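If you read the protein sequences in the order shown, they are chains H and L. The first sequence maps to residues 1 to 248 in my numbering. The second sequence maps to residues 1 to 255 in my numbering.
These are computed hints drawn from the structure, not numbers from a lab. Note that the structure is a prediction, hence the values are computed from the model and not measured. Just so it is clear, CB atoms sit at the ideal spot from N, CA and C, and this is done for glycine as well. Among the hints, a few may not be true.
Listed next, with one range per pair, are the computed distances between beta-carbon atoms [unchecked claim]:
no.	chain 1	residue 1	chain 2	residue 2	range
1	H	Ser110	L	Asp192	54 to 60 Å
2	H	Ile171	L	Val10	41 to 47 Å
3	H	Asp91	L	Val162	36 to 42 Å
4	L	Ala18	H	Gly220	50 to 56 Å
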Amino acid sequence: MIKVEDLHKSFGGPKIFRGLSFQVATGEIVALIGRSGDGKSVLLKHVAGLIKPDQGHVFIDDTDICCLRGKRLEEMRSRFGFVFQSGALFDSLTVFENIAFPLREKSELSDQEIREKVLSALEQVGLTEAENRYPAQISGGMTKRTALARALVTNPEIMLFDEPTTGLDPIIGHAILNLLDSCHKRFGFTGILVTHEIPKVFEIVQKVAFLYEGRILTVGSPEEMLSSKDPIVQQFITGSIEGPIQYR
Amino acid sequence: MGLIRNLGAVSLLGLQRAGRMGLFLSYAFVYALTPPLKLSQVLKQLRFIGFESTLVIFLTATFAGMVLGLQGYYTLNRVGSTAFLGPMVALSLIRELGPVLSALMVTGRAGSAMTAEIGIMRITEQVDALKLMGLNPFRYLVVPRLLAGIISLPLLTAIFDVVGIFGGYLVGVKLLGVGKGTYFGEMANYVDMRDILGGVYKSLTFGVLITWVCCYKGYYAGFGAEGVSKATTQAVVLSSVLILVWDYFMTSLLF
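Required output: the full structure, derived from the provided sequences and hints.
So this is what it looks like as C-alpha cells:
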C-alpha cells in the first residue's frame, strides 16, 4: 500500500504541493492525471524517496520512506520499478545490457537465466532486433519500451510509471498499455501511472486521481471520473479550452 | 551593514560547500572500505585513468626532462658544476615535477571526462535510475574512480620520473656532452629514499584530490548542457589550483 499524507513541497518558489494526500491500495493501479507542470513527476519521485518533502509523509506499507536512509532506503527501493519519462537508460550499455543490469546486480541468477529473462522481456516489448544497439541508436519509442522492460524484469512489488506512452504512436502506445495490463494481471504489482492518455488509460487502471493546484482534487473509479459533475474534472477530461481551468 | 551581511552570506555559502565536499569524500572512503566493491568498475577506471594516460605522461615527461636538462646545464655551467646535472634533473622530477605534472595531465585528460560523464548521468536521471534499483551510486560512480586514482597516480608518476630522467640524459649526455657515468653516478649519491617516498606520498594524495573534486563536481552538476560544461570547467580549474596549493603544503611537511 502507498499512502501519501499531507505533503507540502516547494523548490524555493511557489508551493507545488499544499497538503496533498492520497492512497493506493495493494495490487491496485492508480492513474495520476493533471495539468503539465502541476508536479505529477515530482510526486512520483517523492513516493520513490528521491525527493524529501518539506512537510508530510509517504508511507510504503507502514514505513515512512521519507525517514529512511542508507541501507534501509536501498532495500526499500529494491521493491520499486520506475519508468522515467526520459527512459534514463544507461547510455554506455546496450539495450540488452540495460535490461540485464538490475538482474546482474540484484539477483542470484546465472548468466544463462538472465539471458533467458532478458530475451523474454525484449520479446514482450517487441525489441528483439535491437538488443545490441545503444540508447543513442534507438528511437524514442524504443527507449520507452526498453525502460519499461528494465523496470518490469525484476517483477517489482511497486511500479511507478512516468508517462510511459507519451510521444509514442497510437499503436505502440496501446500495445504498451496492454503490456502493462497483462504484467499487472500476472504479477499483481501496486502502481501509479502518470499519464495524459485519457480516456484510453481508464481501461487498465482501477482508480484515477486528479492532481490540481497542489492537492488531489478528486479520486475515483474511471467510470466515476468520466461521469463527474465537477466542472474542473470535466474540462480536463474533455480537453476543452473553455472552463474554470485557465490556459497557461 | 549590507556589506557585513553579504560577507556573512558568502562565508556561510563557502562553508556549506566545503562541508558538502568534505562529506562527499568521507562517504566515498566509507563505501570504498566496506564491501561490496565493484571490481569490474575499478578495473575499467584503472584502464581509463591509468593505462590510457601513459602516452600523454610519456610525451610530457620526455620534454619536461629535456627542458630540465637544457636549462640545468646552462645554469650549472655558469658555476662550473655540470657534474650535478643528473641529481638536479632527478631531484626536480622526483620531488616536484613528476607528481605535479602527472597530476595536472591526469586532471586534463581523465578528470574532465569524469566530471562530464557523471554530470551527464546526473542530468539524464541515470543516477536516479541506479538509486531506484536499490543500488548505491557512490559504489558505481565514485569509489571505482577514487581507487583507480589512488592506484594510478603513483604509477604514472613513477613512469614520469623515469622517462623525464631519460629525457634529461638525452640532452645532457648525448647533446651537451656531460659524462654518462657522471650523470647517473652523481644521481645515485644525491637521491635518497626520502625523496622517492615524498614523491609517492604526493602522488597518492593527488590521486584522491583529482577524483574527489572531479566526481563531486559531476555529481552536483547544474542543469542541461551548460550545467555540465560549467561543472567540467570548475572541476579542472579547482583540481589544478588545489594540486599546486596542496603541493606547497606537502613539500613543507615532507622535506
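Hints versus structure:
1. Taking the beta carbon of each, Ser110(H) and Asp192(L) are about 55 Å apart, inside 54 to 60 Å as hinted.
2. A beta carbon spacing of about 57 Å between Ile171(H) and Val10(L) contradicts the range 41 to 47 Å that was offered as a hint.
3. The beta-carbon spacing between Asp91(H) and Val162(L), approximately 38 Å, falls within the hinted interval of 36 to 42 Å.
4. In this structure, Ala18(L) and Gly220(H) meet the distance hint of 50 to 56 Å, their C-beta atoms being roughly 51 Å apart.
This entry does not satisfy hint 2, going by the numbered hints stated previously; all others are met.
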